[in-house]
Amino acid sequence: MSERLTVTVERPDQIVAILRPDGYINASGGEEIAKEAYVLLGDGVVNLLLDLERTRIVNSIGISILIEILEKVLDQKGRLAFCRLTPTIEKTFQIMGLAQYARLFPAVDPALAWLRGETE
Amino acid sequence: MPSFERREVHLTLPIVRDMEIAATAQVAVLGELLQMERDQIDEVKLAVVEACINAFEHSGTPDRKVEIEFVADEKSGRPFLEVGVIDAGCGFDPARVAEPVIREKIHSKEKRGWGLKIIESLMDDVRIESGEHGTRIVMRKYL
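Taken in sequence, the protein lines are chains A and B.
Everything in the first sequence is counted per our numbering, starting at 55 for the first residue and increasing by one.
Everything in the second sequence is counted per our numbering, starting at 34 for the first residue and increasing by one.
Be aware that a few hints might be false.
To be verified - Just so you have them, the derived chain A footprint on chain B, three or more residues with Cβ under 8 Å:
| id | segment |
| --- | --- |
| 1 | 62-68 |
| 2 | 81-87 |
| 3 | 92-105 |
| 4 | 113-119 |
| 5 | 148-156 |
| 6 | 162-173 |
Quick caveat, the hints were computed from the structure, so don't treat them as lab data.
Ideal Cβ placement from N, Cα and C applies to all residues, glycine included.
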C-alpha cells in the first residue's frame, strides 16, 4: 500500500480516455493521476473515466486533487466518471457530494457509454 | 458471535508522510478478528487515515508523534472496533470547523477540510476531546 501509485492510461478512441490507478490515492497518488489527466485534457480528450478497481483507499487529500481534475474537465465542457468503486469509496464520494458533478458506475461499459453521450 | 475477549493494541506513529497506512494494518487485523465485513473494515481504515492526517497536519505536536489505541470489544453483546487517535498538540474547537460543501470547493483554492465529515459519516460513534494539551479522537464501529 505504501508503494507509489501507478496509473495506466487507455485511449479507446478520440472521445474518451480511461485512467486506471493502482494503489493508495493520497497526495502523491492524486498528483500522478492529475499529471496523466492534464496530458489528456491538453490533447483535447475531455471525457475521462477513472477506473478504481485497483484502489481501496482514497484519502481526503487525494479527493481534493480529484476535485481539481473535475474542475478542469468541467471547464472544458467534458465529463468525468468513476467506475468499479469499492462501497466505501462510493459512500465517501456520495457523502462529499462529488457524485453531483461526476457520475459513478459499477462497470466500465456503461461509464464509457455515458461519456460518449450514448446514454443519459 | 461467541463471548468476546477484549483485545487492545497500542501504536506510536512518528509524523512521517504516509505513516497513516501503518495504522490501517492494525484495523484489518482486529476487524478480521471481530469477523467484520471487508467494507466495514475499509470504512474504519479511512476514518483512521483521516484522523491521522488531521493530527499530522494540524496538531503541531512538539513530540512529532501520534498515539493510536485500538480496542476490539463488545458492549451489551454488540462487538465493536474502537480506535483512538491521540496527539499532544495545540488542540482545536470542533464546533469551529466549517462544514465542507462541494459546490463551494469547486473553483475555490481551498479544496481540503473533508476529514471530520468523512470520519463522522463512516463511524457509528465519534467523540472528540481537545484542549491546549492535545486532542483525542475516539471512533467506534459496531458490527
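We went through each hint and held it up to the structure:
no. : hint    : in the structure
1   : 62-68   : violated (count 0)
2   : 81-87   : holds (count 3)
3   : 92-105  : violated (count 0)
4   : 113-119 : violated (count 0)
5   : 148-156 : holds (count 5)
6   : 162-173 : violated (count 0)
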